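Kindly generate the complete structure, drawing on both the sequences and the hints.
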Amino acid sequence: MKILVIIPTLNESQNISKLLLKILKLYKKIDILVVDDNSTDGTYNIVIKFLSRFKNVKIISRKKEVGIGSAHLRGISYAYKKSYNICITMDADGTHDPLKIRQMVKIIKLNKFEIVNTNRFKDKKSIEDWPFIRKAITLLRFFLVKFILNTSFDSSSGYRCYNLDKIKKKHFYLTKNKNYFFLIESLYFFEKLKYNIYEISNKLKFRSANKSKMKIKHVFESFYDLLYLRFRK
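So in the working numbering, spot 173 of the sequence shown is number 153, and the numbers just go up one at a time.
Just so you know, the hints here were simulated from the structure itself, not pulled from any lab data. Zero decoy hints are in this set.
In silico SDA-like links for lysine to any residue, alpha-carbon gap of 25 Å or less:
{"no.": "1", "residue 1": "K148", "residue 2": "G47"}
{"no.": "2", "residue 1": "K(-2)", "residue 2": "N99"}
{"no.": "3", "residue 1": "K126", "residue 2": "I107"}
{"no.": "4", "residue 1": "K9", "residue 2": "K86"}
{"no.": "5", "residue 1": "K102", "residue 2": "E179"}
{"no.": "6", "residue 1": "K158", "residue 2": "F211"}
{"no.": "7", "residue 1": "K5", "residue 2": "I26"}
{"no.": "8", "residue 1": "K174", "residue 2": "I147"}
{"no.": "9", "residue 1": "K8", "residue 2": "S(-7)"}
{"no.": "10", "residue 1": "K185", "residue 2": "W110"}
Remember, predicted model here, so these are calculated numbers, not experimental data.
Printed below as a string of structure tokens:
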């Protein structure tokens, strides 16, 4: 069984080495694909050094920032093209624990689920170390999504595992948004299409280095996009 971990990056030079080393230490037979959006801090060069040492590390470099949703799609398209059975998407900033990969893959293999999603709200202590403002924004977004889209999933979580043998590639491309809202939009469509989705609890550390790429404009855009998605035909 071929498994690919997809990691979008934009200026993650302070985090990417640690993450790659953790994954490589834990999983010898899993491939890693970094999708870099023209980082200006040396992220690309750091990953290139890994390529010379590890055959299972790969990189796609894009000449401009296109959006994290677009980066997910680019990596997933690569996974289909190279005939991977399972792919995992995760952030590069150190907030997603690589140990969860084993749990997600096991659930996919042993059960009838097409998608395993991580949920930051199953455990009340999951984001307890976050700054108040960031925690408030995250909770507000979660409840807005839950209310407007009538879903119980943590739809904005980017840490997921997909069974590509059972998910049609074209269903990823039902999404319109190429940035953060892609995560909400894609899970919404998967739920509507009756894919079997399972959630596991995920304690999320606050970013270990660098500032979050999430901006206040993305919050307002998400509210508009939620209303549009809810009534979209």
